[in-house]
Amino acid sequence: MTQVTMTVNGKAVSGEVEGRTLLSTFLREHLGLTGTHVGCDTAQCGACTVHVDGKAVKSCNMLALEADGASVDTIEGQANPDGSLNAIQAAFQEHHGLQCGFCTPGMVMAAAALLKENPKPTEAEIRHHLSGNLCRCTGYHNIVKAIMAASGQDVAAVAAE
Amino acid sequence: MYNFEFVKPKTLEEAVAALSAEEAQVLGGGQTLIPTLKQRLAAPAKLVSLSGIEALQGVRADGGVLTVGAGTTHATVAAEAGAYPALAALAGNIADPAVRNRGTLGGSIANNDPAADYPAAVLASGATVVTIAREIAADDFFQGMFTTALNDGEIITAVKFPIPEAASYQKFEQPASRFALVGVFVAKYADGVRVAVTGASEDGVFRWSEAEAALAANFAPEALEGLAVPAEGMIADLHGSKAYRAHLVGVMTKRAVAAAG
Amino acid sequence: MPKDHGIGASPKRREDLRFLTGAGNYTDDINLNGQAYVHFLRSDVAHGKINKVDTSDAEKMPGVLRIFTGADFEGVGGLPCGWQVTDRFGQPMQEPAHPVLAQGKVRHVGDPIAAVVAETPEQARDAAEAIVLDIEELPAVVDMKAALEDGAPKVHDDLTSNLCYDWGFVEENREAVDEAIKNAAHVTTLELVNNRLVANPMEPRVAIGDYNPATDESTLYTTSQNPHVIRLLMGAFVLGIPEHKLRVVAPDVGGGFGSKIFHYAEEAFCTFAAKQLKRPVKWTATRSEAFMTDAHGRDHVTKIELALDADHNFTAIRTETHANMGAYLSTFAPSVPTWLHGTLMAGNYRTPLIYVNVKAVFTNTVPVDAYRGAGRPEATFQLERVIDKAARELGVDPIELRRKNFITEFPYATPVAVEYDTGNYHATMDKLIEIADIAGFPARRAESEKRGKLRGLGINCYIEACGIAPSNLVGQLGARAGLYESATVRVNATGGIVVMTGSHSHGQGHETSFPQVIAEMIGIDESMVEIVHGDTANTPMGMGTYGSRSIAVGGSAMVRATEKIINKAKKIAAHLLEASEADIELKDGQFSVAGTDKSVAWGDVCLAAYVPHNYPLEDIEPGLEETAFYDPANFTYPSGAYACEVEVDPDTGKVTIESFAAADDFGNIINPMIVDGQVHGGIGQGIGQALLENCVYDENGQLLSASYMDYAMPRADDVPFYKVDHSCQTPCTHNPLGVKGCGEAGAIGSPPAVVNAVIDALQSGGYKVDHIDMPVSPARVWAAMHG
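Protein chains in written order, with UniProt numbering: chain P, 1 to 161; chain L, 1 to 261; chain B, 1 to 787.
Certain hints may be false.
Listed below are several chain B residues computed to face chain L (Cβ distance under 8 Å; list not exhaustive) [unchecked claim]:
#, residue
1, Phe629
2, Trp782
3, Met785
Ranges of calculated distance between the beta carbons of each label pair, as one might list FRET restraints [unchecked claim]:
#, chain 1, residue 1, chain 2, residue 2, range
4, B, Thr120, P, Pro81, 32 to 40 Å
5, L, Gly144, B, Phe89, 54 to 62 Å
6, B, Asp134, L, Glu135, 32 to 40 Å
Rather than coming from a laboratory, the hints here were simulated on the basis of the structure. We put the CB at the ideal spot given by N, CA and C, even for glycine.
I would like the entire structure built from these sequences, with the hints used as guidance.
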C-alpha cells in the first residue's frame, strides 16, 4: 500500500492505496464520493468523467497514484457554494437533460470541460465533444439542448419540439 | 487487475533504472494499457509511469521539423502543433476529449494498434522515432500489428516530424470503437509524397507506394483513378470485409489529397 | 398557456437534484458492514460438459470465504420462467431447468460455473483463476435454423429438440390466409432479420445479499425494474424464503429498458450466500460481464408476405418467424415473440386475415427476453418494411397506400385477438407531414444531390399494445402472474401525502409526474406529495415498470386509491361542516358545501382524521390511508407516424440521419416534458438498432460484440435533434386518466423509418436495393450497392 494525497473538490484528502487502485475506486470506495459512476471497462462510456488539474479524464482509466498531488473535481463539488445548482446542472434540470441519472455526472463534467474551452459551442461541437460519453435514456436531445442553454445560447431555434 | 508496484520517476535515468526490474513495464497515458490490465491480459510486476518526466513533454517546431515529446498528450498536440496542422487535426480527433487528455504519442506508437491514428502520421511523415538509445526511422519502426522495433525497456522520448508542404489525415471510423476502420495520412514533401494507411491491414500501418508514385507525379485526387490496394491482407471483421476496407483506402486517400489541397 | 401545475404541466423533475449533485443512491453505492464480494467463474465455451470443477487450490487462496459450485444448489430451485406458451398443437412449450450455477453442462459463454466469495473483489477474482476446470467442449448451436435440423447438437439433453415451441396465431385462420395469399392480385414478400441487441442501461447490474440471523430475514438490494416480482420469483421458486422474511430493495436504478425486469442468477446467489455465510455478499457486474449475462433482445428471423387486392387493399398477412430464446428461458422470454408480437401484426391497418407462425429456438447463446418494445418493434418493423416494399412494387405513394388501409373506426377488433379502443391514424399522419415538412423533401434531396449525396425519406406508422395487462386475459395466454398494479395513498395528519407505488422509476420521473395527478385531483400543491417506490418493505405488492405501463396501470391504481381518499375525506368534511356528504365539493384543496360559503380546508380534514375529537367514529374509521389495486380492462394502444430523412454517402455507404420526426398519439399527457424525453430516448435506441447496434456470435458461440469496442452504441454525434409532437390525442377509453403510455413508442416506431429512408435514398441513386438488414452499417450499404 502506498500513501496518496490529493485535493478533491477543494479539500485535501489522503489514503492508502494499491498500485492498481483506480482513481474512480479511490473516489468511490475510499472517499465515499459515489457520484462518480463506472459504466464500462473499456474507457468508452464516460460515466466516470472527473477533472484532474482542470482537465476532463476518465477516472476509471487512470490510476489513483497518477493523481497524487493533483487537484481533482467531481460532481459532488459542482454546485454553487450555497448548494444551489450551477449553471450547467441547472440547465440539465431545466431542459430535462437526464432521466435515470447514471451517465449524468460524467455528462456534467464533460460539459463543464467543453464550456471552459469553448464558451459558445455549436450543436455539432457539443455532439462531437460528447463522443466519449454514452447516454442510453435521452437520445442526447435534451443533453445537447441543456449544454447550449448553459452556454447562454438560444435553443428554441435549433431544437424546436 | 493483478496488483503491481507503481513508480513515477521524475527523470529518464530513474525510469530506465526502474524498468530494469523483472516484469517492469512502461505506463504512458494508460488509455489502452489500463483496460488491458483490467481484463487481466497483462501482469506487470511494476508499472513505470512516464507522466512525471518533464523531458518527455512538449511540442516545438524548429527548422522545418516538429518535435513532439513522447509523453505529450493528444490534447496538447492538438492545441500546440499549429506548425503541422494535419498532425494537430489528427491528434484532436483521436478517441474522445477525456482520452485525449491522458493518451500520449509515445504510448500510441509503442502499442502500434493496427487501428490507431498516430502510426499513420508517423509513417506518412517519414518521422524519426527518438528513444533513449537511438533514432529509428518510421519505416523501420512499425513491424506489424502491436509490434515495433523497440527493445524491452527502450523508452521513446520524442518523435521528429518533418513538416510537409501539404498534408491531411482522413479517418473513416469504426462505428463502435471510433478507432480507424480505415485512416489515410497523405503528406506531400518537396521530394515526394508519402501515403500511410492505418486500420486496414492485418500487418498494421503500411505505405501505399503506388499511390505515392502517382501523387508524386500529380498531387490530385484524379491521379488515384484506377489504383486500388488488393483486398488480400486486409482485415475482415464485424465492421467491414477485406474488399470494403480495400475500397475505403482508395476513397480516404482521395479525400486526404483533396483536403491537403 | 401551458399549465404550470397538475396534469399537463411540466414541472422540473425533483429527482434531478440528487442525480445532478452526485447524491443518487444506486445499488453499487451501497456498502454494508462486513460485506464480502463474489466473483463468478464463467464459461468461456458456448457448450460443454462439466467433468470436474476442482476448487481445492482456490479455497486456500487469501481472503477466500467459500467457493460455491452447481452442487451447492442441487437442493435449490432453478430460475423460473414466468410465461408458458402453448404451441399450435395444444402442447405446452419445452421448458428446461435453469440452475443458479451450472450443473452438468455449460450452455453459453458467460454461464456461471462457480462463485468465489472473498474479502475483496480482487481476492475473489484471484481465487476464481485458481479453480481448475475440466470441461469437455461440445459442438455449439448458434444459428436458429441449424439448431432445428435433425441431428443438431441439443442445448438441453433432456428436451426432445432445440424447439421451445411452434406457435400459430390465429391457428384457425391458417388455411384461410393461405387461400387469400394464393388468390391475391399482388403479394409482396420480404425476408428480414430483426437484429439481436443488448439493452445496455448505463448502470451495470449489481446485487447485494444480506441476512439477519436474529430475525431470519434476508434482504436483496438489486438493480431491478420490479422488486416485488423478484421477491416472489426468488422467494417462492428459487430459495424457498417466504415473502415476510424477504425484502427486495431496488433503489435508484440507472436505466433498465427491459433488461432489469428479469430474475437473474446473481440475485439468487447473493441472497443465498449471504445466509450461508452470515455476511453481506456483493456483486457488481463489469460491462464485459453485462454483455454476456444480461438478457439480450430481439433476434428474430422473419419471412413476411403481404397480400393485396387489385385496389391495393390489404387482404392477408402471413409471417414465419424464428425467435431466439438463447440457452435458457429468461423470465418473460416466451411471451415476447408470441403475445407481444403476433397480436400486433395488424398494425394500423384493416387486414382481415392474418396468420403468424413463430418457432422459438434454444441456442448456445445468452437468454433473450424483452428489450424496450419487446415483440412490438419486431412486428412493426416487418409490417412497415413490407408495406414500403409493396408500395414500391406497385408504384404507389407509401403514405397513400397506408392511408388507404388505415383503420378508421373504433373500437376495432383485429383478426389477431386485440381490440383497439381509440386512435386516429390519419391525424398523426397529417401532423407528421406537417412537422417533417414532407413537402420540402424534393428540394432537400436536390440540395443533397448537388453535394454528391443520396437523400432518402422513410415514413412509417406504428401501433403498440401497452399498459400491460388485463390479468384474466394474460392468464389465458400463459402468464403465470397477474399484471395489475398497486398504490397506497397515505395522507398524513397535516395534509402531506405519501404514495407508495408498485411501479418503479428508473429514469421515467415518477417522483415528479405521479404527484401531478394527485395535485390535480385534490387541488393541492405537488410539493405536498411524495412518491415511495422500489422497496418491498414499504410498498404494496406491485408488478413494476415495463411495457409502458406505469402511468396507465400504476397511475390508475393511484387514482383509484386517491378517489377512495377523497370519498372518505368528503364524509369527514360533511361531518365537520354539518352538511350532507352529497353536497360536499372538493376544489383547490377546499371542501365546501354546494351553494354555500361554508368550507373546510384539506389540511383540517386530514387533521380531523388523525385527531378524531370531532369525528363520525360510529360511521367511519379514523385515519386517511387507502390502497387500490388496478387491473386494466384492456391494453392501451398508442400509435403514431414517424419520418426519417437520411443522407447516404455513395463512396463509403455511410448513412447520416439528417432529420427525424415523430407524431404520436399517447392519449392524455401528464407531463409533456417527460413524454418528450421518453420519445427522444426511444428514437435514439431505435436509430441505434437501425444503424449501429448488433450483437454477434461466431459459429462457435463466442460473443464477438462483447464490449463497446465492437458493440456500437449510439453517441451524441450519431443522431440529430428530433421533432416530436403529441398533440393528436385520442384518450384511452378504459382507464381513469385516459392515458396510453409512451415509454416504448420511440423504439418501436423508429427503425422502419430509418431503413425505409435508406432504401429510398439508394433507389433514388438508381441502386436496385430493396432491403438491407439492420444495422444498416456503412459496410452493408456499400455491399448492397455493389451487390
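Against the structure, the hints come out as follows:
| no. | hint | verdict |
| --- | --- | --- |
| 1 | Phe629 | violated, 45 Å |
| 2 | Trp782 | holds, 6 Å |
| 3 | Met785 | violated, 11 Å |
| 4 | B:Thr120 with P:Pro81: 32 to 40 Å | holds, 37 Å |
| 5 | L:Gly144 with B:Phe89: 54 to 62 Å | holds, 58 Å |
| 6 | B:Asp134 with L:Glu135: 32 to 40 Å | violated, 53 Å |
Violated hints for the displayed structure, listed by number in ascending order: 1, 3, 6.
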